[in-house]
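Chains V and B, in that order, give the protein sequences. For the record, in the first sequence the residue sitting at position 115 is 115 according to my numbering, with numbers rising by one throughout. For the record, in the second sequence the residue sitting at position 53 is 53 according to my numbering, with numbers rising by one throughout.
Rather than coming from a laboratory, the hints here were simulated on the basis of the structure. There could be a bad hint or two in this list.
Okay, the calculated beta carbon distance ranges per label pair [claimed, not checked]:
hint, chain 1, residue 1, chain 2, residue 2, range
1, B, 83, V, 20, 28 to 38 Å
2, B, 10, V, 54, 37 to 47 Å
3, V, 8, B, 45, 17 to 27 Å
4, V, 18, B, 11, 40 to 50 Å
5, B, 29, V, 8, 36 to 46 Å
6, B, 16, V, 53, 46 to 56 Å
7, B, 107, V, 73, 24 to 34 Å
8, V, 41, B, 52, 19 to 29 Å
9, B, 5, V, 54, 22 to 32 Å
10, B, 5, V, 83, 44 to 54 Å
11, V, 101, B, 10, 26 to 36 Å
12, B, 69, V, 96, 45 to 55 Å
We put the beta carbon where it would ideally sit given N, CA and C, even for glycine.
The residues making up each chain are set out below.
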Amino acid sequence: EAQVTQNPRYLITVTGKKLTVTCSQNMNHEYMSWYRQDPGLGLRQIYYSMNVEVTDKGDVPEGYKVSRKEKRNFPLILESPSPNQTSLYFCASSLAGAGIPNTEAFFGQGTRLTVV
Amino acid sequence: DQQVKQNSPSLSVQEGRISILNCDYTNSMFDYFLWYKKYPAEGPTFLISISSIKDKNEDGRFTVFLNKSAKHLSLHIVPSQPGDSAVYFCAASKIGNNDMRFGAGTRLTVKP
């Protein structure tokens with residue numbers, strides 16, 4: 001089954017304690033992205049990657065890091081989490097950039113992060 | 001700076017009637033637009049898209065209309081069904097680009 005898998009689904013952590021949210025896709029997609037969803041703001045892109053070792057900043061990259069060492073994995077790293085990073089996070093993957101039919105993004109089920 | 005805006009946080013319609021969800025954008029460089037649907041505790045799923053060379057795209061009960069001069073698009077669902085109850089996100093991008101911008105979402109409730 002084609003899917004994007006995020007782990008963990010729920011996480012409560014304390015300010016400053018480094019954490020990693022993993023994302024894996026089994027569709028051999030080139031593109032992967034991380035978004036955060038906040039009330040009234042919708043989904044905002046944090047980082048995206050067009051291929052292995054190629055990453056770029058999205059709309060709200062501050063406080064986050066990513067890496068793309070393998071095509072299937074795109075972990076999101078919070079080196080020193082703060083309460084304003086409490087949010088619902090989604091990983092997404094797609095075969096190509098926007099506009100090519102049948103290559104639209106697949107999203108993972110989300111990771112709800114709370115930083116206290 | 002929200003480049004994609006969905007000004008109605010919620011919409012309620014009766015089963016069998018038409019649902020119209022609206023979306024406005026400010027960046028004239030956008031040339032590809034998408035609608036995603038999201039159920040609780042799930043990730044968004046792709047619904048329908050339209051490129052700027054068209055003004056309408058239809059897929060079953062779902063039709064998206066694009067008015068480039070007004071920088072406005074809308075999603076029509078006819079007839080609406082209770083299973084359509086979800087949050088709908090409008091998104092915009094440039095063709096070939098992976099930098100998608102989303103609206104805040106509209107929660108649609110379809111009442112039986």
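A quick look at each hint next to the structure:
1. A hinted range of 28 to 38 Å for the beta carbons of residue 83(B) and residue 20(V) is consistent with their spacing of about 36 Å.
2. Taking the beta carbon of each, residue 10(B) and residue 54(V) are about 39 Å apart, inside 37 to 47 Å as hinted.
3. As the Cβ distance of residue 8(V) to residue 45(B) is approximately 22 Å, the hint placing it in 17 to 27 Å holds.
4. For the pair residue 18(V) and residue 11(B), the beta carbons lie near 41 Å from each other, so the given range of 40 to 50 Å is met.
5. Distance hint check: the CB atoms of residue 29(B) and residue 8(V) are about 37 Å apart, consistent with the given range 36 to 46 Å.
6. Taken as a hint, the range 46 to 56 Å holds for the pair residue 16(B) and residue 53(V), whose Cβ atoms sit roughly 52 Å apart.
7. In this structure, residue 107(B) and residue 73(V) meet the distance hint of 24 to 34 Å, their C-beta atoms being roughly 33 Å apart.
8. Take residue 41(V) and residue 52(B): their Cβ atoms lie about 25 Å apart, and the range 19 to 29 Å holds.
9. For residue 5(B) paired with residue 54(V), a C-beta distance near 31 Å keeps the hint of 22 to 32 Å intact.
10. Between residue 5(B) and residue 83(V) the C-beta distance comes to about 27 Å, which lies outside the given range of 44 to 54 Å.
11. Look at residue 101(V) against residue 10(B): about 31 Å separates their beta carbons, and that is inside 26 to 36 Å.
12. Between residue 69(B) and residue 96(V) the beta carbon distance is about 29 Å. The supplied range of 45 to 55 Å is therefore violated.
The structure fails to meet hints 10 and 12 from the earlier list, while all remaining hints are met.
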